[in-house]
Amino acid sequence: MKSKINLVSQLAREIEADIGTRDMNKLFLESFLKSIKSFQYQNIKDLDTQYKQLVHVMSNTKPKFGILISCFRDLYKDYTKSTLHDQELITLTINKIQELLEDIDNQKNLIIKHSEKIDVKNKNILIHDHSHSVHDVLINFKKIGQKFNVIVAEQESEKTHANIEILHEANISFQVVPAYMLSHICDNIDIAFFGALTLKNTLDFVMDPGTHGVISELHLANIPIYNFINTRKFSLWESSKKEHGVFIHKHTRQHSSKPIEYDRIKYSHDRVNAKLFHRVVTNEGIFNIKKLKENFQEKYKKSN
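In the working numbering, the protein residues as written are 22 to 325.
Hint data in this document are derived by calculation from the structure and do not stem from the laboratory.
Bear in mind the structure is a predicted one, so any value in this text is a computation, not a measurement.
Any given hint could be a false lead.
Stated by the list, open to error - Here are the simulated DSS-like cross-link-like pairs (lysine-lysine), alpha carbons at most 30 Å apart as the crow flies:
| id | residue 1 | residue 2 |
| --- | --- | --- |
| 1 | Lys55 | Lys83 |
| 2 | Lys312 | Lys134 |
| 3 | Lys129 | Lys117 |
| 4 | Lys134 | Lys168 |
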C-alpha cells in the first residue's frame with residue numbers, strides 16, 4: 022500500500038504543478054470514471070476491498086490534497102450507505118462521479134461570478150502562481166469589458182510561461198517583472214490575485230513556492246491581496262505543524278566547480294497565513310478573515 026501511495030503522490034505532484042489542483046482532481050475523477058465502467062470483479066467483497074484501498078490512497082498522498090480527499094470520500098460514503106448490490110453499485114458510483122464533475126464546473130462559475138464584485142477598472146493586477154482560478158477570473162473580466170493590466174511576478178520559467186500563454190491567448194495586456202524585484206514597482210501595483218492548493222485548520226494556505234515572500238512584500242506595501250479557492254479544497258483534518266501539507270525532498274548535491282558536497286532541501290509548496298489576505302473569494306462568496314474562519318470551522322465540525 023505504501024508503494025501505491027508514493028507512486029500516486031508523485032503523479033499528483035507532477036500533474037498539480039502542470040495543470041493546477043482543480044484540473045488534477047478532475048483528471049483523477051475522469052480516470053476513475055473510465056476505469057469503473059470497465060471494472061471486473063469476482064464478488065462484492067472484492068469490489069469493497071479495492072474501493073476502500075483507492076480512497077485510502079487518495080486520502081494519504083504527500084502532500085494531501087483536500088479536494089481529492091473530499092471528492093473520493095464523498096463517493097465512498099454514498100457507496101457504503103447504499104443498499105444496492107453488484108452492478109447497481111457500479112452505476113451509483115458512475116452517476117456520483119458525473120455529479121462531482123458537473124459540480125466542479127458549477128463551483129468554478131460561482132467563483133467567477135463572485136469575483137465580478139471586485140473593482141479592477143484601470144488597475145494593475147499582479148499575479149505570481151499559475152492558478153487556473155485566477156486565469157478564469159481574469160479572462161472573465163476581459164470578456165465583460167473590464168479594462169486592466171496584469172503584472173506577472175516571474176518565477177520558474179515553466180510556470181511563468183504558462184501565465185504568459187494564457188494572458189496572450191486571452192488578449193490581456195501584461196508585463197513581466199522578476200519576483201525579487203517587485204520593490205521597484207510596488208507603487209504601480211493596485212491589487213494582487215493568487216490561488217491555493219488548500220486551506221489548513223491552522224488557517225494557513227498551502228500555495229506555490231515563493232508566494233510567501235511575494236505576498237509578505239505586497240502586504241507591507243498595503244496592497245489588497247485576494248485569494249481564489251474552492252471550499253472543497255479545505256483540509257478538514259487536524260494539522261498542528263506548519264510543514265503538514267508540504268512535501269519535503271532532501272538530496273545531496275555537488276558544487277559545480279569545487280570538491281564540495283552539500284545537502285539540499287526543497288519544499289513542494291509555501292504556507293501563507295490567511296491574515297495576509299484582504300479577501301478570499303470562494304464558490305460560497307467573498308470572505309474576510311473572520312468569515313473565512315467561521316466557514317472553515319463549520320465545515321470542519323461537520324466532517325469530524
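Against the structure, the hints come out as follows:
no. : hint            : in the structure
1   : Lys55 x Lys83   : holds, 25 Å
2   : Lys312 x Lys134 : holds, 19 Å
3   : Lys129 x Lys117 : holds, 18 Å
4   : Lys134 x Lys168 : holds, 17 Å
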